Amino acid sequence: MNRTFLVILGAFLTIAFSLSGLVLIPNWQFQEHKPVVNPRDGSQYPAPYYGLALQGRDVYVDQGCAYCHTQQVRPKGYGGDIRRNWGNRRTVARDYMYEYPILLGTMRTGPDLANIGARQPARDWHYLHLYNPQITSAGSVMPRYQYLFRTVKAGELVPAGAIPLPAAFQAEGTHIVPTARGEQLVEYLRAQNRTFPLPEAKQ
Amino acid sequence: MSAPHSDNLPDRIIQMHEQAVREMVEPRDGISPTPVTFLLMCFFFTAWGGYYIADNPGNWSGMEYNEKPATVAAGPSAPIDPMVMGKEVFGACTQCHQGDGKGVAGTYPPLVASDYVTGDERRLAAILVNGINGPFVVNGATYSSEMPKWRDYFNDEEIAAVMTYIRNSWGNKAPAVGKDTVAKVRAELADKPNAWTASSLAEFSAVVAKGETK
Amino acid sequence: MSNVPEGPAESRLEQVSRILIDDSSRVPVLIWFTSSVIWLLLGSLAAMISSIKLHHPDFLGGIEWLTFGRIRPVHLDIVFFGWSSMAAVGALLWLQARLCHVRLPWPLLLSGLAMVWNVGVVVGSVAVLAGHGSSIEYLEFPAYCAPFFAVPALGVLAANVKMYLGKNSQHTYVSQWYLLAATVWLPILYVTAMLCTYFGLVQGVSQAITNWWFGHNALGLWVTPIAVATAYYLIPKVTGRPVHSYHLSLLGFWSLAIFYNWAGTHHLTGGPLPAWTITVGVVGSMMMFIPVITVAINHHMTMRGVFHMLKTSPTLRFTVFGSFMYTVASFQGSLEALRSHQEITHFTQYTIGHAHLGLYGFFSMIMFGAMYYIFPRITNNEWSSARLIKVHFWGSSIGVLAYGIGLCWAGWWQGLMMNDPSIPFLQTVEYVKPYLILRSVSGAGMTIAHIAFAISVWRILSRHHFVMSGPTLFTTERPAWREFVNEQNKREEMAQ
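First to last, the sequence lines map onto chains A, B and C. Each residue of the first sequence is one higher than the last, beginning at 1 in my numbering. Each residue of the second sequence is one higher than the last, beginning at 1 in my numbering. Each residue of the third sequence is one higher than the last, beginning at 1 in my numbering.
Bear in mind the hints are in silico, worked out from the structure with no lab data behind them. The reader is advised that the hints may include incorrect statements.
What the hints assert, rightly or not - Partial pick of chain A residues on the chain B-facing surface, computed with a CB cut under 10 Å:
no.	residue
1	Ile25
2	Thr91
3	Arg94
4	Asn115
5	Trp125
6	Ser137
7	Ala162
8	Pro166
A quick note: this is a predicted structure, and the numbers were derived from the prediction, not measured. We put the CB at the ideal spot given by N, CA and C, even for glycine.
Just chain A, same shape as in the assembly (with noise of 0.2 Å):
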């Protein structure tokens, strides 16, 4: 008897004890954070996702696309990622005080993305990619995310926001339109961008 109150008080206290030290003191900790001014033009920084790119992020979520990418950047010295310019700087906690869900993943299967809109802004590149991947990075094992897109037979008429795509890619008398899904995934990771230089990621 004495024993089982023992046992049920112990594993009790002991998750408690983790539960505020990994989680509760943290988030009370990150409570200080506050966004920062841009000078130059009188930006937040960081600023809640909205319009389209917020709807991407649903997308970005669905799709799974954390389970192969990661967002996070470390620091310069501690692994290749600043050299292979995934970022100017470290990520750090304030950098994510709007994210919800918070999307860091754990697996490079892929590149980092924590900085794909600052590298990487241009639509058309990522509506090849998402389309098929080959298209721009030959060898890659991302799938090809053609259910974001519709086939619109035209002709000889380009339809609006049609993507160019290579000829050997492109039926002929047809052309690939982005579905309102995948203009709002590429609209999310168009705001992938963690370069604003925040003081504590200086050290």
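Assemble chains B and C onto chain A, guided by the hints.
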């Protein structure tokens, strides 16, 4: 509970449960002493854990991200070969311009045998700092894509290094670029953050050229 | 003779009460176990699809429901919630009833809770396949699935506490602490993590810490204690020898309770976390050497002198393999947590290899061993074929070793290549591809093993073979220890 009536169970029922009857006894605890080497190991791990926490506490702060305060570099570090540094920075460019600098027809212009690369270094620095949106014409062909600004991403030294690298690779031959040149262009463009277009870039280089002849 | 076990003979009373206890747990344990075997097959199917997709991305391409980013989390959730947790609950109920010497309480309720749990896994998996997953590892199932797991977890806790309070055994055996603690931990972990994740109780990076506090503890404080408890029961039970040292067991249990739940942050090394959170995670992981070594010493010393029994007993072979892998995978995991090690292996296939060495090589193998022991006792039937068990053992063990070693090797070099910026990223992708194919091949081996296992389970349940001719063992000759037990039983009968 099972105990009271169990003696009365007919043998037949017990035989039907051969699986449970044939077992060995329920597990018991032995009382062998804990090996001393193991206790020493526990002591070692505890000591190591204490040392590690004391050594890497990051001030227990929510704003300290490195386990140790940044060490101050003793004196100026050895200069890095701009071709080596430039090649590393060029990794950011290969997605579009490709590793061989040939680009992709129609979208991403080549860096090989292009006057934009080997020509005026200040125009090239301006493109790198602000980025440029198509369409624009390189060597008679039109390219439609957009290039990002790299002003936040790379410092002057890095931009100078990648310029030197592309100006001296794949058969290109042009003088190396110093980081002062980039710093000067960056300062000039401090209040002009927008990406270039073909026409605004032409305007800028015309002004630059005039400034030089003066 | 060394192969004759020592120890007191059992009274007939004990045998009879054991029969009655097993009888009380029959229905719920059968339902939890059978469900888990079905989930094991479905989990293997999801695993094969995701594995093939990694080296042939166009395999089943164009079907949004089966895209890699959905089928991979479905694999993880099915094997965690469906296979591992359900097998764990089955083993837990059976073991706790036996160790407490009480009949299992509320058998109908516990059977019903198994069905509730099953509904949760079905609803959650379909939701993830339909695109409603959350992309938070181990917590992909949407919030509305939470009651399907939280309520049964609380029910299992209640049954466990009831058995514990009403126990008829004077002594508390080491397995019982692990089982009781695990049932306390699971509901706390799951409910807290779901609340924090889905109801915005924590913001920003704290979400990631919560994620890995749950993800690592779900393995460390839920399935690990149950597998360790099972091995602590089965190894002395099958060999008939006492567990080496009570004091080591005690030390091992409390050190696991104290250190394991701090280890989670090593999944975020180098990430946007304050340095101190990583530091405590590293220390928690390294301190895990202590509980792991206690288990290793205890199990090894218990087995000493009777290793030849691995040739005959399927239960023992699976369990000892699992226990050995516990040592291997935990040592690897502790070292992996170090910052200098994570610099290379974080974000690579190494982690995947390690996860399978742990959850499969250790946990699943012990659960297989437990099922080979428990099914005959609750069905009063024997396994139909030793050959099927052999296929299962060799498929699983060779499969998981090839998988684990292959991916850890590949991941190590992949990490070194990724840290060298002069190597283009796509070259690291190309480098890993052959190992990904190896992964599919070894995964196929494990899947074949699971099919063999499922056939065995189907046959023992459907009474395809109804045998009363002694246990199904790997070797046909009756081992010496069997004769010894028969002798003892006879002697006892004569005494009465």
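- Message: Does Asn115/A hold up as a contact with chain B if the rule is Cβ-Cβ below 10 Å?
- Response: Where the cut-off is 10 Å and the nearest Cβ of chain B is about 8 Å from Asn115/A, the hint holds.
- Can the hint on Ala162/A be confirmed by a CB-to-CB distance to chain B that is less than 10 Å? Interface hint status for Ala162/A: violated (12 Å vs cutoff 10 Å).
- Query: With a cut-off of 10 Å, does the beta carbon of Ser137/A approach a beta carbon of chain B closely enough for the hint to hold?
  - Reply: With a closest approach of 8 Å, the Ser137/A hint holds.
- Query: Per the CB criterion, is Trp125/A less than 10 Å away from chain B?
  - Reply: holds (7 Å)
- Are Ile25/A and chain B close enough, Cβ to Cβ, to be under 10 Å, as the hint says? holds (9 Å)
- Can the hint on Pro166/A be confirmed by a CB-to-CB distance to chain B that is less than 10 Å? Pro166/A check passes; min Cβ-Cβ to chain B is 8 Å, inside 10 Å.
- Message: Hint Arg94/A vs chain B: min CB-CB distance below 10 Å?
- Response: Given a least distance of 8 Å, the restraint on Arg94/A holds.
- Message: Does the closest beta carbon of chain B sit nearer than 10 Å to the beta carbon of Thr91/A?
- Response: holds (9 Å)
The structure shown violates just one earlier hint, number 7.
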